[in-house]
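There are 2 protein chains.
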Amino acid sequence: MDRRSLIKTAGMAGILSLGVAPAVHAQPAIRWRLASSFPQTLEGIYGAAEVFAQKVNAMTGGKFTISVHSGGQLVPAFGVVDAVEQGTVEMAHTAGYYFFGKDECFAIGCTVPFGLNSRQMTAWMYEGNGLKLMQEFHAQYNIVSFPGGNTGAQMGGWYRKEINTVDDLKGLKMRIGGFAGRVLERMGGVPQNIPGGEVYLALDKGTLDAAEWVGPYDDEKLGFQKVAPYYYYPGWWEGGPQLEFYINDKAFASLPAEYQEIVKAAASHAHVTMQALYDARNPLALRKLVAGGAQLRGFSGEVLQEALKHSHDIHAELSDTNPGWKKIYEDYANFRKDQNLWFRFAEMSFDRFMQSQTW
Amino acid sequence: MDRRSLIKTAGMAGILSLGVAPAVHAQPAIRWRLASSFPQTLEGIYGAAEVFAQKVNAMTGGKFTISVHSGGQLVPAFGVVDAVEQGTVEMAHTAGYYFFGKDECFAIGCTVPFGLNSRQMTAWMYEGNGLKLMQEFHAQYNIVSFPGGNTGAQMGGWYRKEINTVDDLKGLKMRIGGFAGRVLERMGGVPQNIPGGEVYLALDKGTLDAAEWVGPYDDEKLGFQKVAPYYYYPGWWEGGPQLEFYINDKAFASLPAEYQEIVKAAASHAHVTMQALYDARNPLALRKLVAGGAQLRGFSGEVLQEALKHSHDIHAELSDTNPGWKKIYEDYANFRKDQNLWFRFAEMSFDRFMQSQTW
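As they're listed, the protein sequences go chains A and B. Per this note's numbering, the first sequence starts with residue 1, numbered consecutively. Per this note's numbering, the second sequence starts with residue 1, numbered consecutively.
For reference, chain A alone in the conformation it holds in the complex:
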């Protein structure tokens, strides 16, 4: 019997005799493509998808590789839901609120104005009903979803002049999108949608009065403080925006059970490390911004309260027109109420005391 036929006959038995379960291990190499909605310059956000892919690769000894593609490389940045739904790519990494126009429910998996903060959002997803409700919703789009990072509370953007009252927002041309844009509109502002690369010049010329971006770490690279020096906080429309991994349901179902679990744990790892990255890097960036001329300003209670009122109105209107929204948002809003009841005691009093120190 020559060597080849010997192997042919004995191959499978040989594997079994060594106690190796064939189910996973005979699995051919798996190659997926991940479409990010973000440019590589948004290092923390884009990077969370890279962290995820590297973890999956390392946990499978290179047998399950996922190539990460920046926004527009394979499909348009805002076309990733369609691409995952149709199976053009196996998965995406994105911010659900980009798909607010398709169905407002997408936004709840990311954030809504005056929503949950980062820790509260994570709690809603993993230990509240969040993941269950969002997965039920996403299933309509052939999507299985998992949390994929958070930036923490963002800043409220860059302004050419100070915003002291609601009147100061009247006619304000601001680069701001989606849900937040609708709220700004009801306050008299004029939301603008212009490409990121044109914002600096528009602010400099005064064809734009304000623009929101992310927070110190990402904003510091753009130099907006030179043309719109008032840097407001908080970004009330992004108190804890969460990114998500969207996976085509058939692609996910085709994975061996072990690999499904590996995908979930890699997502958890990317989730925790992205928030850590922003938290670790924002302080130095903030110092650089202030040294470079940024003027830190807090939104007044009047402005916040008015924005909250309009946000509540919009949320209530959506509950009348979108039954899916009503179902998910009610659970989210109840959770938020409970969270803010509890967080005001131990967490808030500890943080306030620590922040009041000069060290």
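Misleading hints may appear alongside valid ones.
Identical chains blur together in the list; that is why a pair holds if it fits in one copy or across any two.
[Stated by the list, open to error] Mimicking DSSO-like on lysine-lysine, the simulated pairs with C-alpha atoms at most 30 Å apart in a straight line are: (1) Lys161 / Lys226; (2) Lys288 / Lys161; (3) Lys132 / Lys288; (4) Lys250 / Lys264; (5) Lys288 / Lys327; (6) Lys337 / Lys221; (7) Lys288 / Lys337; (8) Lys132 / Lys264; (9) Lys337 / Lys327; (10) Lys327 / Lys102; (11) Lys326 / Lys288; (12) Lys326 / Lys132.
To be clear, the hints were calculated from the coordinates, so they are not data collected in a lab.
Given chain A's structure and the hints, the job is docking chain B onto it.
What follows is chain B alone, placed relative to chain A:
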């Protein structure tokens, strides 16, 4: 050639012919034991080790199983460092500050009085120098360590009488351990070390004036509000206590690279879900406690400031006597300073506004 000798000859070649890399897959089943320092009744804390073990199991298709044992079952609750060091068990799940008496540096991997909050601690570990410094320190004990959950800011315990001034702490017999006990002592209090099961009776009899535990979710099960109704916040000695997985270094090194990565990702998953569990469950527990007679009280600025002063003194004294402490604590303290500079803007202003609403 009979079937047995055919397999013997062809087994390995057969595996290779199917494209299965032998390194991991020929790995015999791995069974580890994990010694927790906690009782099963501390469901969130003990449970994080269960979550970890289940994830490892699921990601390896049951080929790497870790049995979880509660405090005292295999080794004493506070004997887990010795047990991991000597290889009696492969790993442990514990709170580093229990080993403050062995070397004060252990505490920094958990928390110190007026330390980092939960998110900040995670940022220091994953994106600052925390994990690197703690792993360097733990290596002396043959330990490889990873973050393993956080409770968030704890409550400041149960008191039979109100604590308004530092004078009210004089002679106060309080069940409180380690570092916090040393600080209380300098403020005139008398730290007590009595078994958990005897606390209720001691508070009822008045042989104990106060006791600290965790936070609403765990405290609610104990009924302390009936005998010591004043429930203070924040637990300034536990602003963001982190648990850790301690793994025997030889056991860790013996794992295939894929399994090492699986262990790390499972730890990240347990880390994020434990905090989520506490955040999700504390609100309802707090409501129950208040309905059951708990009186919520915030520590006064005077009390907190005095506790901070003594904590600073102790930290500085340790820097003189323990070079390891000096090295790790300096990095930790610088990180804390930066974190509290940044967190006061977007995060704090968002949280304060949200918490001020009645919804």
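Quick rundown of the hints versus the structure:
no. : hint            : verdict
1   : Lys161 / Lys226 : within (13 Å within a copy, 56 Å between copies)
2   : Lys288 / Lys161 : within (21 Å within a copy, 48 Å between copies)
3   : Lys132 / Lys288 : between (41 Å within a copy, 26 Å between copies)
4   : Lys250 / Lys264 : both (16 Å within a copy, 28 Å between copies)
5   : Lys288 / Lys327 : between (44 Å within a copy, 26 Å between copies)
6   : Lys337 / Lys221 : between (36 Å within a copy, 23 Å between copies)
7   : Lys288 / Lys337 : between (36 Å within a copy, 16 Å between copies)
8   : Lys132 / Lys264 : both (14 Å within a copy, 25 Å between copies)
9   : Lys337 / Lys327 : within (16 Å within a copy, 42 Å between copies)
10  : Lys327 / Lys102 : within (17 Å within a copy, 53 Å between copies)
11  : Lys326 / Lys288 : between (43 Å within a copy, 28 Å between copies)
12  : Lys326 / Lys132 : within (15 Å within a copy, 46 Å between copies)
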